[in-house]
Structure formats: C-alpha cells, structure tokens
Amino acid sequence: MNYNAGEYEVAVIGAGHAGIEAALASARLGCKTVIFTINMDAVGNCPCNPSIGGTAKGHLVREIDALGGEMGKTADACFLQSRMLNRGKGPAVHSLRAQIDRSKYSDLMKHKLELQENLELKQAEITDIKKTDSGYTLTSRMLGEYNVKAVIIATGTYLGGKIFVGEVSYESGPDGTFPAAFLGQSLKELGLPLRRFKTGTPARVLRSSIDFSELEEQHGDEPPIPFSYDTEDMGDNKVICHISWTNEKTKEIILENIHRSPLYGGKIEGVGPRYCPSLEDKIVRFSEKKRHQLFIEPCGLDTEEMYLQGMSSSLPEEVQLKFYHTIKGLEHAVIMRPAYAIEYDCVDPTEMDATLEFKSLKGLYGAGQFNGSSGYEEAAAQGLVAGINAALKIKGREPLILSRSNSYIGTLIDDLVTKGANEPYRMMTSRSEYRLILRQDNADVRLTPLGREIGLISDARWEKFQAKQKLKAEEIKRISKTVIPPSEEINKILVSRETSPLSTGAKLIELLRRPQISYADLTSIDKTRPSLDQNIFEQVEIEVKYEGYIEKQLRQVAQLQKLENKKLPSEFDYTEIKGLRLEAQEKLNKIKPKSIGQASRISGVSPADINVLLIWLSGRGARE
Amino acid sequence: MNNTTIAAISTAQGEGGIGVIRISGDDAITIADKIFEPISGKRLCDKKGYTAAFGHVKNKNETVDEAIATVFREPNSYTGENVVEISCHGGLFITREVLRVVLENGAVPAQAGEFTKRAFLNGKLDLTEAEAVIDIISAKSKAAAKAALLAKDGALWKKITDVKTKLVTCSAHLSAWADYPEEDIEEVTEDSLCSVINECLFDLNRLLMTYDKGQTIKEGIDTVIAGKPNTGKSTLMNLLSGKARSIVTDIPGTTRDIIEETVLVGDVILRLSDTAGLRQTGDAVEKIGVDIAKDRISTCGLVLAVFDSSRELDRDDLDLLDSIGDTPSIAIINKTDLESVIDEDYIKSKVKETVKISAKNGEGYDELVKKLTILAGTDDLNPSEGILSNERQRLAVLNSKKALKEALNALAIGMTFDAVNVEIEEAIENILELTGERVSDVVVDSVFHNFCVGK
Numbered sequence: 001m002n003y004n005a006g007e008y009e010v011a012v013i014g015a016g017h018a019g020i021e022a023a024l025a026s027a028r029l030g031c032k033t034v035i036f037t038i039n040m041d042a043v044g045n046c047p048c049n050p051s052i053g054g055t056a057k058g059h060l061v062r063e064i065d066a067l068g069g070e071m072g073k074t075a076d077a078c079f080l081q082s083r084m085l086n087r088g089k090g091p092a093v094h095s096l097r098a099q100i101d102r103s104k105y106s107d108l109m110k111h112k113l114e115l116q117e118n119l120e121l122k123q124a125e126i127t128d129i130k131k132t133d134s135g136y137t138l139t140s141r142m143l144g145e146y147n148v149k150a151v152i153i154a155t156g157t158y159l160g161g162k163i164f165v166g167e168v169s170y171e172s173g174p175d176g177t178f179p180a181a182f183l184g185q186s187l188k189e190l191g192l193p194l195r196r197f198k199t200g201t202p203a204r205v206l207r208s209s210i211d212f213s214e215l216e217e218q219h220g221d222e223p224p225i226p227f228s229y230d231t232e233d234m235g236d237n238k239v240i241c242h243i244s245w246t247n248e249k250t251k252e253i254i255l256e257n258i259h260r261s262p263l264y265g266g267k268i269e270g271v272g273p274r275y276c277p278s279l280e281d282k283i284v285r286f287s288e289k290k291r292h293q294l295f296i297e298p299c300g301l302d303t304e305e306m307y308l309q310g311m312s313s314s315l316p317e318e319v320q321l322k323f324y325h326t327i328k329g330l331e332h333a334v335i336m337r338p339a340y341a342i343e344y345d346c347v348d349p350t351e352m353d354a355t356l357e358f359k360s361l362k363g364l365y366g367a368g369q370f371n372g373s374s375g376y377e378e379a380a381a382q383g384l385v386a387g388i389n390a391a392l393k394i395k396g397r398e399p400l401i402l403s404r405s406n407s408y409i410g411t412l413i414d415d416l417v418t419k420g421a422n423e424p425y426r427m428m429t430s431r432s433e434y435r436l437i438l439r440q441d442n443a444d445v446r447l448t449p450l451g452r453e454i455g456l457i458s459d460a461r462w463e464k465f466q467a468k469q470k471l472k473a474e475e476i477k478r479i480s481k482t483v484i485p486p487s488e489e490i491n492k493i494l495v496s497r498e499t500s501p502l503s504t505g506a507k508l509i510e511l512l513r514r515p516q517i518s519y520a521d522l523t524s525i526d527k528t529r530p531s532l533d534q535n536i537f538e539q540v541e542i543e544v545k546y547e548g549y550i551e552k553q554l555r556q557v558a559q560l561q562k563l564e565n566k567k568l569p570s571e572f573d574y575t576e577i578k579g580l581r582l583e584a585q586e587k588l589n590k591i592k593p594k595s596i597g598q599a600s601r602i603s604g605v606s607p608a609d610i611n612v613l614l615i616w617l618s619g620r621g622a623r624e
Numbered sequence: 001m002n003n004t005t006i007a008a009i010s011t012a013q014g015e016g017g018i019g020v021i022r023i024s025g026d027d028a029i030t031i032a033d034k035i036f037e038p039i040s041g042k043r044l045c046d047k048k049g050y051t052a053a054f055g056h057v058k059n060k061n062e063t064v065d066e067a068i069a070t071v072f073r074e075p076n077s078y079t080g081e082n083v084v085e086i087s088c089h090g091g092l093f094i095t096r097e098v099l100r101v102v103l104e105n106g107a108v109p110a111q112a113g114e115f116t117k118r119a120f121l122n123g124k125l126d127l128t129e130a131e132a133v134i135d136i137i138s139a140k141s142k143a144a145a146k147a148a149l150l151a152k153d154g155a156l157w158k159k160i161t162d163v164k165t166k167l168v169t170c171s172a173h174l175s176a177w178a179d180y181p182e183e184d185i186e187e188v189t190e191d192s193l194c195s196v197i198n199e200c201l202f203d204l205n206r207l208l209m210t211y212d213k214g215q216t217i218k219e220g221i222d223t224v225i226a227g228k229p230n231t232g233k234s235t236l237m238n239l240l241s242g243k244a245r246s247i248v249t250d251i252p253g254t255t256r257d258i259i260e261e262t263v264l265v266g267d268v269i270l271r272l273s274d275t276a277g278l279r280q281t282g283d284a285v286e287k288i289g290v291d292i293a294k295d296r297i298s299t300c301g302l303v304l305a306v307f308d309s310s311r312e313l314d315r316d317d318l319d320l321l322d323s324i325g326d327t328p329s330i331a332i333i334n335k336t337d338l339e340s341v342i343d344e345d346y347i348k349s350k351v352k353e354t355v356k357i358s359a360k361n362g363e364g365y366d367e368l369v370k371k372l373t374i375l376a377g378t379d380d381l382n383p384s385e386g387i388l389s390n391e392r393q394r395l396a397v398l399n400s401k402k403a404l405k406e407a408l409n410a411l412a413i414g415m416t417f418d419a420v421n422v423e424i425e426e427a428i429e430n431i432l433e434l435t436g437e438r439v440s441d442v443v444v445d446s447v448f449h450n451f452c453v454g455k
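Protein chains in written order, with the numbering used here: chain W, 1 to 624; chain B, 1 to 455.
The hints are simulated quantities; they were obtained by calculation from the structure and are not laboratory data. Glycine is no exception: its CB is placed at the ideal position from the N, C-alpha and C atoms. A portion of the hints provided could be inaccurate.
Now the stretches of chain B that chain W is said to cover, found in silico as 3 or more residues with beta-carbon under 8 angstroms [said to hold, decoys possible]:
| no. | region |
| --- | --- |
| 1 | 174-181 |
| 2 | 228-239 |
In silico DSSO-like links for lysine-lysine, alpha-carbon gap of 27 angstroms or less [claimed, not checked]:
| no. | chain 1 | residue 1 | chain 2 | residue 2 |
| --- | --- | --- | --- | --- |
| 3 | W | Lys567 | B | Lys42 |
| 4 | W | Lys552 | B | Lys405 |
| 5 | B | Lys401 | W | Lys552 |
| 6 | W | Lys562 | B | Lys124 |
| 7 | B | Lys166 | W | Lys289 |
| 8 | W | Lys481 | W | Lys464 |
| 9 | B | Lys124 | W | Lys566 |
| 10 | B | Lys34 | W | Lys552 |
| 11 | B | Lys60 | B | Lys42 |
| 12 | B | Lys166 | W | Lys552 |
| 13 | W | Lys290 | B | Lys401 |
| 14 | B | Lys42 | W | Lys562 |
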C-alpha cells in the first residue's frame, strides 16, 4: 500500500557527481529539494579512478567552481597529489589533475548534502515516475510517493546495471551496490528511448603486495595548485604514484584468453568508449604496440588499496591475476577487488534541450552518465546545469544555456544534445574550437559573473572576484607603462632564453610578448612588481603572449554568435519547408535546434539547408 | 553570416562589351576603395549613393583595367546592403582579374542566388519572389550533392583528401599528445610539424596551379606565340584575331614584353600572349624579356611555335624547339607564300603537330583551326577533373595556405604548439569546406583511430 511521502519542488534521483551538484544548486537557489541514493554509503562515490580533473576535465572542474558548484572545493579538501598537466604544451591545454582520497571525498560530499538548507538526502530506490498535472509522482521501493514539480535523473551506471567478469555476470550497481532495476521500465513507459552503454574499471590491489623498488615515481607539483578560486591554502602533496609497463608476456596471456572476455564473446551488447578501453581492447586494436603504460595510484590515506590506471579489464578473475602478475612490480600483487565491466541504461541525449530538460517531458531533466557521457567531471558539470535550470524554471526565471564560446560545459552539452552520443562521451580539449579562450586559468572571468547572476556566488566571493579583476587591470596598465632600459642584467636574461638583447628601452609588456620570456624570468629586473595572486600573473601573461590568437578566436566567436542569435521555433514541423532535403527535415524535427547556429552543427544538415532555413526564417518574420 | 561582403561577376561571362563585378555587404565600399583609384581622387567612401566614378582598378600598384564604379548605399540597393558595381571592359579575362583582386581584398565569392537571397533577407523581394529563391537554392543543393558524389571519384577529391589526411593526422597527433599526456604518445617535434606543413603547402600550391589550368575551359587556353624575331608572330596574331571575333581589346600584360589578347578560334577560346622574340642577346633589358618569354613557354597551356620557312633553322629556332619540352604545342611553319628551305622533318621530330600556313594571306588557317580543336579536346588541355573549378574552391585553398604559413610563423617565433594547432585546424577547416565535414569531429575521430589512449 503506497503512502504519501511528501511534496518537494525538485527531486534528484542519484547522489553521484551529477546528482550532488544538481541537488545543491537547486536547494541553494531556494527550491525545496530531495535527493535519493540507493545506498547512503555510496554518495559521491568514485567507483573508478581516485582522481579528479585531467585534460579538459580540469577545465570542467574550474568552470563548475566558477559557477558556484562544489566539486573543486571538495577535491581540494581531500587531495593527495596535484599536478598541472601539459606544462610546456601551451596554456590552452594546461589541465589540473588531483589524486584524491576517495572515501574522504565521499564523506565530505555527503556531509555537505546533509548540512544544506532546503535539501533532504534519503536512501531510497525510485522504482516509478508518473507524469501528473502539476509535475511528477515518484514511487520508492518502500512504497513512498513523492509529489514533485521537477525531476532530475542522474542514475549513473546504476540504471539496469549489469557487471561482467569473464563468464560471470550479474545484475549490480558499481562497487557491489544494488542496481536500479525497476526505474528503466517506467522511463520507457514515459517514452524515453533507452540504450545500453558499457564502461569498466581495473582491479584494486594491496599496497604491501607491490614491489615499488624498480618502478618510476611520479610526484606532485610544488606548490600544489587548487581547483577552486576559493581555496587559499592547499597544504602539501601527500603521496607519490608509480609507473609500470605491460610486456609481451602480458599480451600473450590476454590473447590466449580473449575468447573468455564477454566483450569478445558477444555477451555485452552495450557500446563502450574508445577512450577508456579495457587492456584487452588496447591489445587487440593496437596489436603492433609492444607495451602499455600503467599508473599505480593510492585510493586514500586510510586504505591500502591501490588503483591500476590503464588496466581495466573484463577477463575472468583468474586471468586477471595471471596477467597482472606479468607486470613489473606486480609479480606478487594481491587483488582486493577484481576489474570488471559494467553495462547500464542511458538515454539518447538529443531528446533534451541545452537546458538538459526533455523536450517532450517538461520538468524532467537528465544529467551525467544517464545522458551518455562518461567521467565524474562531465557528470558534475551537467548536474550543475540541470539543477540550476530546474530551479530557475520553478522560480519563473530565464534558463541558463552555456555556449560553446564561453565554456567547456557549454561545448559538452551542445555536443550531447545536438550530435548525440554513440559511445560514452568524454571531454577533450580538441572538442572545443575556442581552446585559447576557454582556458582553465580564466574560468572565473568567463563564468563567475554568470554564477553571480544565477545566485550561486556569495557576496564575499563576488567582492573577491571584483577586486581580483581590478588588480589584474592595474597590472596590465603597469606593464604597459613600465620601460626596462637596456642593461647587462636584462640582456643576460634575454640571451640565456635565446631571444634578442635590448639596444633601446623596451616596455615590460613587449618583453612578456616574447614566447621565450615569462614573468618568472623577469623577477630580478622588474622592481615595481606588486605582490599578487599567482593566477593574476598567469592570466596576464597568457593574454599578452597569445593576444593575436585570442583575438582571432574572438572574431570567430562573434561570427558564430550571429548565427546563435537567429532563433528557431521550438514547436515546428520542418517537413513544411519544401526546400529542405529529406534528411535535413528528419534531423531538424528530431533535434529541434534552438538557433541557426545549433542547426548548422547537426550532422546531415548541409550549408544549403541552412540557407533555406535562413530564408524561411526571415520570411516567417515578415509574415507574422 | 549575412554581413560578410560578397562579390561576383554579374554579367553573362564572355558576352558583351562590358563586364560588371558586383560587391555587396557592410564592407563593399571599403573594399572597393582598396582596389579602385578614381581619376577625380575622391574616394568612394566619401561619395553618396547612386553616384559613379571613373578610374582604374589596381592590383597593388599595377593597373588591371579602366572602369566605372557605381556606389549604392544601404538600404537603397538591389540587396539592401552597401553595394559597389564595377563596370570594366567585358570579356572573361579582365572581369575575372577584377573579381580576383576584389576577393583578395576581403570579399568572399557569392554563392549562386546569394545576391537575391540577401535582397530577400533585407525585405527587397516579396514572398512569391522569395519562394522562387528557395526553389533555386534547393535545386542547387541537389545539384551540389550530385556534383559532390561525382567529385568523390575525381582527382580534386583525391588531392584534397591527401592534404586533409596529412593535416588531420598532424592535428590529431597534437591533440592526442595534449589530451593524453600520460600515455606514451610520441613527442611532437618542431621539425616534424614543419615538414608536414611544408609538404602540405607544396601540395596546395600545386593545386592552385591546376586551378589556373582548369580555367582553360572557361577562360580560354593560356597560349604563347613564340619564335625568333620576324618569323611572322604578329601577323599570326592579327590573323587569329582578325578572322575571329575579338572578345577583348589589347591590354598590357604582366610585362611590357608580353601582349595579351583573348580570341575565339573555331570553338576554342585562346588567351594569346605574343612574346618578345626569342634570341640570344647581350642587351640586358632585352634579355629579361627573353627570359620571361622562356618562362612563359614552360608554364603556359599551349605554345604556337612559329618558324620562317624561307630561312634555314638556326640556333634560336633550335633553342625554341628545346625549350618547349612537355608543353602542348603546334609548330607553325609560316610564309608558305615564299620558297621553303627549312628542315621540316627536324621540326616534326620535335613537335607532334605541325601546320604550314601563310599568315599573310590566310592560307592554311582552316588546317590550324582543325589542329587546335583536336588539341583542345585532348586531356592535356581539358583537365576536367583534378582541378579547382571555381573561385570559392580557390579561396578555400588560399585561406588554408595562409593559415599554414601562420602556423610556420608561429613555430618560427617559438610559440607553443596549442597556438600552432589553432592555425593547423583553421587550415583543415578551410579544406573541409570543400568536403563538407567539420574539423573537431574529424580530429577527434582520428585521435581514437590512430592512437592507443585510455585510462
């Protein structure tokens, strides 16, 4: 017998990285919010790698933080080792990555949810969603009925989750939790097209069973750099990681047993990601490679579990043991948790708007792996946007739509809702056409004003942000005016950096424009340099050095913006426009793009179709 | 998108005495000012709408043609935008030259129907007219789709694909190297980047050269009349232009030593250059002329090598026969009205096609026309595939080249590879305009295809 479990404005199903950001944002924007987790001990769990950030993902974390999300701050509070990747490859691809203490991360996030005003965290499996006149009714396994205005689905790999280890397979969520076994059927009844994706994770092994003596060490950066613009003191790096390699013997064992992999035996129907392949995938697809790299990373300070990055597998446990033992340092490794592949239900993201609301089901939102993405950071980014939009809609405010030109988050969502995902979608710097504008160092400049407008940036943080902008402007003014006269000292520096010496005075800004010269190089001769936040120097130097490229990309953005400003109607049957090709009509009817810009990114819509749309659009304006 | 400035030849090509190049868009007048020098000295941007100026079209400092520029100011023009119409001497060669100069100064080639489209967008057409425009564009897109399919088997597709593959692989390597810093992906080096970029620049240059060759069908065959002095080159030129309908009046060519003229011989359009006489000379100035002539012989589409049958072959004649090389050619043994002493067999051993004529009295002219028509129908002179066939394609290749040069420049001054990759991607983007794909999809796909990456 069902009972009435209460009324809420926003309900979030799932308390992983997407659900957490969604629930916090919604509650902080003043909506009475409830968040459900199947297992209270799995809130903010990191079932795969014990790290946050990485290439392009580090950008996402910074952006989440700049908008007022929680991931960056929490990662800073439990980081074990922090590294800025790609130093030397250029500022567009600098990316922050931190090893984190995964159980501490989970505890911190759970606690933040518990403390959040307007938010209730509940252990409950939602088994049914029904549309009602005023929103939705959710039913829990314990027969509670929750009446809500908006729902955000963030079910991760729990929805219809099924684990595969060799010949063994069973229904399960990640890390031995229950799967969400009933919700899928209910979503299908609502008309959502579900499909199967798969992902996987490597084994965790006991630290004392690893011989580190001959392994290459990997240390963190000193001093460690925080993700959050709010974090002032990070403390020191706490751990080191190690690097090892597979060899011919590893390959031999895997190839001998490849028929026992459910991936190759045809048992897994889900589509796996190309960027996160299992070791057997890598060996089969790149058979000419003799060895593959792996990283041995601690899972936390209070555990002896070690994560083997790069060694994901779905082979039987006995085969895993055999091939791990061929690897230097792992000869006697004791597996604490075996590697596994997991298959789960997710939705076709082209069913959603850029607000992450379903086009056909108003008030229903999706975020994270449910939307076909992969990765904690991608999930958190979508959760934040879905949570913000659910709340803004309830409050009767304009939705938040991030663009390709202001953020990686906007790029991620635009890719998902416009092009869809044929495999789990991972963020990469090469997915952005505006990399030199969308840098990790300037996420605050790009997004904090938006976060403030939405209402997720506190007064104190806003003041801090504004003060920083003022100092930055003053610094640019200072280096534009300060003239460095030719001297032995400066010329020695310049020559040692292989750039031409001065014969007449030069402005500081001119010197910084030279690719070979950094702020750090000029410390001794720059007598009037104020003491500022390192991030200010970083932004100023990049903006000066890459000015030409940045301007070029800004011009491209302006060009794009004109097309983005040409809005298309949300309810329209494109078969009515005769000039469009059949394929274009079908795609446009499916995606229902918001603007000409978005329409031009749909595969199957040609430039000629765009011309037809433009003409039709202005004709429509004239008719009305 | 609608504010870019477009340009196209708006008169039927090859017909009439006047050719009109129409420029439309925000920058139409600014662009026209860059290439048009009015006699009055009053710049077009200072002129009111519905006014005209007489002057010269200039390519840098070189005069392309005399012309009249008419200024229309928005919204009072056909398209409703700023419009400049440049009326120059008609004919294919000059109008295309003027268009080329306009495009090189910031306009982009107009698509078919684009002026009309803009007119509509700016409320200059009524709905019935507008629907007709949609029909045209739709028909065009069908034709374009068909053409694209055909082009897939063509040599242009192949050449473009080659360059594209090289650049995409290069960009994917840079992306994989940046996106997967912890995989053992081969380091990208400045040398390897430079060599790929240089290879692609070379390929693009070759492609641009075929563009000019491809124009033979539309603009006429780039034909050089060569021969030592007094073999009757000028008489031949007069014969060809006198008997033919002259499309264009004389214009100075690229140097004062080459006179150019476009003529219709039978069904074949020839763009004739009469070169300086080819002979050994000690005179410095004359030598430059001779060198230019030799250079033209090796780069042109067709050589008409003229010999005087009343004189024996001398060193200058032999020199000419040698310098023809692989260039398609017809040996014209002139002055059949006089007694022949020339070694015809030797000429025939060097040049496949020979015609005996008397340029003076027109004897042998029909034979020449026949040979020309046959030659024009051969593959050498009718490279229907493997060429850039319009200004839009040419501009895409030019822009791609420009971006690659920027990339080289960025490498030279020591910029980081993320900046270099932005330029490479721009080069790819321009090439993809020809193939209709989008850059980041292509690069991302290539990353996964070529590199073993993952956690």
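Evaluation of the provided hints:
1. Check on the region 174-181 of chain B: 6 of its residues sit with their Cβ under 8 angstroms from a Cβ of chain W, so the three-residue criterion for coverage holds.
2. Evaluation of the coverage hint for the region 228-239 of chain B: breached, as 0 residues show C-beta separations to chain W shorter than 8 angstroms, against a requirement of three.
3. Under the criterion of a C-alpha separation no larger than 27 angstroms, the hint pairing Lys567/W with Lys42/B is inconsistent with the structure, at around 42 angstroms.
4. Taking the CA atoms of Lys552/W and Lys405/B, the gap is about 15 angstroms. The hint holds against a cut of 27 angstroms.
5. Of the pairs offered as hints, the one joining Lys401/B and Lys552/W holds, with about 17 angstroms between alpha carbons and a cut-off of 27 angstroms not exceeded.
6. Under the criterion of a C-alpha separation no larger than 27 angstroms, the hint pairing Lys562/W with Lys124/B is consistent with the structure, at around 21 angstroms.
7. Of the supplied pair hints, the one linking Lys166/B and Lys289/W holds, its CA atoms being roughly 22 angstroms apart against a limit of 27 angstroms.
8. A threshold of 27 angstroms between alpha carbons decides the hint, and for Lys481/W with Lys464/W the separation of about 26 angstroms falls inside it, so the pair holds.
9. Distance restraint check for Lys124/B and Lys566/W: the Cα-Cα separation of roughly 20 angstroms lies within the 27 angstroms cut-off, and the hinted pair is therefore satisfied.
10. For the given pair, Lys34/B sits about 23 angstroms from Lys552/W by alpha-carbon distance, which is consistent with the 27 angstroms threshold.
11. As the CA atoms of Lys60/B and Lys42/B are separated by approximately 18 angstroms, the hinted pair is consistent with the 27 angstroms bound.
12. Between Lys166/B and Lys552/W the CA atoms are separated by roughly 24 angstroms; this keeps the pair inside 27 angstroms, and the hint holds.
13. For the hint pairing Lys290/W with Lys401/B, the CA-to-CA distance comes to about 38 angstroms; that exceeds 27 angstroms, so the pair is violated.
14. The suggested pairing of Lys42/B with Lys562/W is violated, with an alpha-carbon distance near 34 angstroms, which exceeds 27 angstroms.
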